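Listed here are the chains, written in short residue letters.
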Amino acid sequence: MALTPPENPHWWREPLHRMEIGWITIAFLWGLFMFGVMVYWHINGEQNLSNEAYRVNPDVYGEKVEAFAEKYTVRTEGKTEIPVVKPPPGSDIYMLGRLWEWWPILELQKDQTYRLHLSSMDWQHGFSLQPTNINLQVHPKYEMVVTLKPTKSGEFGVVCNEFCGIGHHTMLGKIYVVDK
Amino acid sequence: MIAKEKFRVCPDTGFKVFDTTEKLIKINAVVAVVFLAVGGLFGLLVALTRWPAVHLLPADLFYLVLTAHGADVLLFWIVFFEVAVLYFAGSVLLNVRLAAPRWAWAAFILMLVGAVMANVAVLQGESSVMLTSYVPMRAATHFYLGLILFAVGALVAMFVFFGTLVIAKEEKTYEGSVPLVTFGAIVAAIIAVYTIASGAIILIPTLLWSLDLVADIDSVMYKLVWWGMGHSSQQINMATQVSIWYCIAAMVLGAKPLSEKVSRGAFLLYIVFLQLASAHHLLVEPGISSEWKVFNTSYALYLAVLGSMIHGMSIPGAVECAQRRRGFNEGMFGWLRKAPWGNPAFSGMALSVVLFGILGGITGVVLGAEQLNIIMHNTLYVPGHFHGTVVAGTTLAFMAITYLVVPLIFRREIIWPKVAQWQPYLFGLGVTGISLFMMGAGTLGVSRRHWDMAFTDAPLNFDVPPAAFLMMGLNGISAVIASIGGIMFILVIVGTILFGKKRGEDACRTNPVILPGGGATVMAAGSEGTLKLPGTIALVSVFFAAFVLYYFVNWKYLSEVWPLS
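Protein chains in written order, with this note's numbering: chain U, 1 to 180; chain B, 1 to 565.
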């Protein structure tokens, strides 16, 4: 039994049970299939990350985001007067994470494509767009770029879902998606 | 002096149990249970805080307690217990004295000092960084130091185990190959060595960084190497718990593996492929290529998953085979109905196998698919998954074997057998709820490690779907149920060790804890010409159907998300 040495000293020569051969074959093929699905999705699926990223100094990134916000701000919102920024469709758009806010608020058009840049000014943050449920890890010193196309209009929350200190649960941003 | 090592012959099993081995198994197991009690209490506080109607702790304490919960149960409870299992699988099963007992004691003291130091650091409040302590967030220096001391201690224990194997081989205390359970323990120990090495590679520079001796630690590189420890250490659990499954099946039912070759081959797949799983934590990270992500996240071609799926067949197969040989041959599931469901070692093992496979295994594969991770990363789906693996799988398996360790090693009769009988079911039910409801809330987008899903203090507002609040309430109730199961376990085990009746020499006949005659009743199972095992085929088919269905459902979810490229 399992607590004692195998009774057959040449246990590796024992033939396999048919059930074992069958199950190992099925499990192996299923593994190959699941591997193939990830590759297939890169070719035919619509939800893939570009993995495009650049090394960036947080201060430099902050200046870029501020310049971007200044250019396209349409109004401000909330107690802290966060700018709501409406960039043209197809353009590069910017958001930064810092203790404890996502900045600025973006207003996008439905069914238009944008190149979203994300980075952190301090610690790691989690960009969690809800309720559509897109989750990305945002690191300091890395500027990541994701091309996205909102397919629903409405108000979307950007929750921080990487623990970032005592104010973590107050870190919230927003993306509006409007019909044209 | 070495030749004079004292031992007793176990009246139940006939194994030689050396004094030093026995003491070290006891002390490591007892300390493990203490950390389970402490860490479990912290877990209950976490769940009660995340239960919106209760919202027990203030934010700072919540994050503190969550950090302590992770360290105490995921690291300290599990690794102390694993060391006890290794000494058992090495020294007891091979009938040999433990190598270098002084080093084994040094290992124990290092681990204990490290674990206490890390707890002190967290409880002082300056190290609420979560177990993962992602840079550039910084903890107190003695938090990192505690973890490093603990890891070094564990490493020393691994080498004591390896040394024990060498002595057994040299002194020829066993014939042929090592038993399967020992083989699984060897696999766990090998994985542990490179796991602990990864931990040292990342925690030592982080310690220096916390003292300002290192200027900067790259945050993506940190995650890559940290998870070389963090995820691989779950594979130590995996190998240990599978060994325990085989061990319990052998002790309680006299089951032997269907095929030594298949079971050992499956273990070997773990050694070769498991460490790639660090990638599971980097799937939505910037600047890593998809080729790298796809290859690593799938353990090459899902070859480690293949290992687990093989064990998922061979464990029920071994049980069915043993039961049929004992005469429980009625219909497809007569063997299952007549299994010893009132024996907490068996029921705990059976629940561990099923819950691990379904709640932990299937969801882990889904979570680890590169693109599917986009809709799950850092949501409550993640802790939902790993409470399925580490609590329903590992912790339940460890509890189950404790019901055998206490009578056999501590030589005490279990007090309150009725409580013990119900304990695995209650704990299993609670953990099932915890796992399912957290995954449900995660699917609705609720974040993990988050104090307030209502965002009361946030400058903006955001409404989480009401169903998610319900899920978190149900999660709280499940946590209470699991805690009751946990408390029952602690009371029975601690009560038995302190006040249980001494187990006499003839108890192996009057009150057997392992099947009389052991493996002798079930000779010659395995390989071709064995019995037909229709029950196992049916169970495995149901599992596989659930796996395939759930896998595709999640791709359907993903396809409805905003296009990303």
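Derived from the structure by calculation, the hints contain no laboratory data. Predicted, not measured: the structure shown is a model, and the values here were computed from it. Where hints are given, some of them may not hold.
[What the hints assert, rightly or not] Derived pair list, reagent style PhoX-like, types lysine-lysine, alpha-carbon separation capped at 25 Å:
| # | chain 1 | residue 1 | chain 2 | residue 2 |
| --- | --- | --- | --- | --- |
| 1 | U | K64 | U | K141 |
| 2 | B | K16 | B | K556 |
| 3 | U | K110 | B | K502 |
| 4 | U | K110 | U | K152 |
| 5 | B | K556 | B | K26 |
| 6 | U | K152 | B | K556 |
| 7 | U | K149 | B | K261 |
| 8 | B | K169 | B | K16 |
| 9 | B | K169 | B | K6 |
Against the structure, the hints:
Of the pairs offered as hints, the one joining K64 of chain U and K141 of chain U holds, with about 14 Å between alpha carbons and a cut-off of 25 Å not exceeded. For the proposed pair K16 of chain B and K556 of chain B, the alpha carbon gap of about 56 Å is over 25 Å, so the pair is violated. Straight-line distance between C-alpha atoms of K110 of chain U and K502 of chain B comes to about 74 Å, which puts the hinted pair past the 25 Å bound. Taking the CA atoms of K110 of chain U and K152 of chain U, the gap is about 6 Å. The hint holds against a cut of 25 Å.
Distance hint between K556 of chain B and K26 of chain B is unfulfilled; the C-alpha atoms sit about 50 Å from each other, more than 25 Å. Under the criterion of a C-alpha separation no larger than 25 Å, the hint pairing K152 of chain U with K556 of chain B is consistent with the structure, at around 17 Å. At roughly 52 Å between alpha-carbon atoms, K149 of chain U and K261 of chain B are farther apart than 25 Å, so this suggested pair is violated. Distance restraint check for K169 of chain B and K16 of chain B: the Cα-Cα separation of roughly 16 Å lies within the 25 Å cut-off, and the hinted pair is therefore satisfied.
Distance restraint check for K169 of chain B and K6 of chain B: the Cα-Cα separation of roughly 20 Å lies within the 25 Å cut-off, and the hinted pair is therefore satisfied.
Hint compliance for this structure: hints 2, 3, 5, 7 are broken, all remaining hints hold.
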